[in-house]
Amino acid sequence: MSRVFDEERLGVLLRLLRPAPMGWVRAAQELPSARLVFDQIVERAEADVAFRAALITDLEHALAAEGYEPDRRVLDEIRARIVDQ
Amino acid sequence: MNRFSGLPDAELVRACRADDVDAWNELVERYSRYVYAIAVRGFRLSDEDAEDVFQDVFTRIYTRLDSLRDDSALRPWIAQLTRRRCLDAVAAKREIPAEEVVSEEETSDLGDVEEAFEVRNALATLPENCQEILDRFFTRDQSYKTIAEELEIPSGTIASRIARCLVRLRETLEGRNEPQEGSRE
Numbered sequence: 001m002s003r004v005f006d007e008e009r010l011g012v013l014l015r016l017l018r019p020a021p022m023g024w025v026r027a028a029q030e031l032p033s034a035r036l037v038f039d040q041i042v043e044r045a046e047a048d049v050a051f052r053a054a055l056i057t058d059l060e061h062a063l064a065a066e067g068y069e070p071d072r073r074v075l076d077e078i079r080a081r082i083v084d085q
Numbered sequence: 086m087n088r089f090s091g092l093p094d095a096e097l098v099r100a101c102r103a104d105d106v107d108a109w110n111e112l113v114e115r116y117s118r119y120v121y122a123i124a125v126r127g128f129r130l131s132d133e134d135a136e137d138v139f140q141d142v143f144t145r146i147y148t149r150l151d152s153l154r155d156d157s158a159l160r161p162w163i164a165q166l167t168r169r170r171c172l173d174a175v176a177a178k179r180e181i182p183a184e185e186v187v188s189e190e191e192t193s194d195l196g197d198v199e200e201a202f203e204v205r206n207a208l209a210t211l212p213e214n215c216q217e218i219l220d221r222f223f224t225r226d227q228s229y230k231t232i233a234e235e236l237e238i239p240s241g242t243i244a245s246r247i248a249r250c251l252v253r254l255r256e257t258l259e260g261r262n263e264p265q266e267g268s269r270e
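Listed in order, the protein sequences are those of chains A and B.
Those letters in the first sequence? Residues 1 to 85, per this note's numbering, in order.
Those letters in the second sequence? Residues 86 to 270, per this note's numbering, in order.
Incorrect hints may appear among the rest.
Listed next, with one range per pair, are the computed distances between beta-carbon atoms [to be verified]: (1) A/Arg72 - B/Ala158: 26 to 34 Å; (2) B/Arg179 - A/Asp71: 37 to 45 Å; (3) B/Ala95 - A/Ile56: 41 to 49 Å; (4) B/Glu96 - A/Glu30: 20 to 28 Å; (5) A/Asp71 - B/Pro239: 42 to 50 Å; (6) B/Lys230 - A/Val83: 50 to 58 Å; (7) A/Asp71 - B/Arg149: 17 to 25 Å.
Here are the computed lysine to aspartate or glutamate pairs in the DMTMM-like style, where the Cα-Cα straight-line distance is at most 25 Å [as the list claims (entries may be wrong)]: (8) B/Lys178 - B/Glu213; (9) B/Lys230 - B/Glu213; (10) B/Lys230 - A/Glu8; (11) B/Lys178 - A/Glu77.
It is worth saying that the hints were derived from the structure and are not from the lab.
Glycine included, every Cβ here is placed at the ideal spot set by N, Cα and C.
Please take these sequences and the hints and turn them into a complete structure.
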């Protein structure tokens, strides 16, 4: 189907798709590594009762003590999966 | 540009399923403006809500890619995921069920986003210098002066370069130019 575009309309359409903030894009691109961290923590929490208890007591402190530095979203997911259960 | 830049969506999806990190980076790059535009222009979400929607949509894409039945239907699937999440965000703000958020919440820009995505794809088939100058001027709001300085070209030629590139873009969209390379559709 052939359509007609004038330059003014093209300008409007080009302006519509502005770049998302770089930090958002980077966070989305880092999802695979964030999921890996999430899976590791959940797997360990399921196998290690003491670790699980520590997470429930103080999630952020317990993770930091073990060298994990998950972002807010991963923290929220871990909280929902392990702490709030 | 990376090895996935010109790949059709279906092949990109297959590479993402095979846990190729570069493919995932390209998928995010390809659709980040689209998801952002639906949230911010289509539904006028605040930055805070738009960021939540944006991250949640890409998390869902990443974790549910196996549920996509037709790999070439990536865009409509992403559009649907984003639209639903935006409706949820609007509903949560108003404390009503998402089904009660009427379609008037969607602005007329939402329809234009689809067309804008096609224009963006056509832009990706133009020579690099055209992509660069149109992107800087229209989506990054750079002045002629800034563009001239950063691209090291005379500022007096910027307007005519933009005009020429717009003509090429128009011709591509109207089917008068064969895409050179990297066409995704």
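Status of the hints after comparison with the structure:
1. A beta carbon spacing of about 32 Å between arginine 72 of chain A and alanine 158 of chain B agrees with the range 26 to 34 Å that was offered as a hint.
2. Under the hint 37 to 45 Å, the C-beta atoms of arginine 179 of chain B and aspartate 71 of chain A, about 28 Å apart, miss the expected range.
3. Between alanine 95 of chain B and isoleucine 56 of chain A the beta carbons are some 44 Å apart, a value that agrees with the proposed interval 41 to 49 Å.
4. The hint said 20 to 28 Å for the Cβ distance between glutamate 96 of chain B and glutamate 30 of chain A, and at roughly 23 Å that hint holds.
5. At about 45 Å, the beta-carbon gap between aspartate 71 of chain A and proline 239 of chain B stays in the expected band of 42 to 50 Å.
6. For lysine 230 of chain B and valine 83 of chain A, the Cβ-Cβ distance of about 54 Å falls inside the hinted range of 50 to 58 Å, so the restraint holds.
7. Look at aspartate 71 of chain A against arginine 149 of chain B: about 20 Å separates their beta carbons, and that is inside 17 to 25 Å.
8. Distance restraint check for lysine 178 of chain B and glutamate 213 of chain B: the Cα-Cα separation of roughly 42 Å exceeds the 25 Å cut-off, and the hinted pair is therefore not satisfied.
9. The suggested pairing of lysine 230 of chain B with glutamate 213 of chain B holds, with an alpha-carbon distance near 20 Å, which does not exceed 25 Å.
10. Only pairs whose Cα atoms come within 25 Å are accepted, and lysine 230 of chain B paired with glutamate 8 of chain A is accepted, the gap being roughly 21 Å.
11. Annotation: proposed proximity of lysine 178 of chain B to glutamate 77 of chain A holds, straight-line Cα distance about 22 Å (limit 25 Å).
Violated hints for the displayed structure, listed by number in ascending order: 2, 8.
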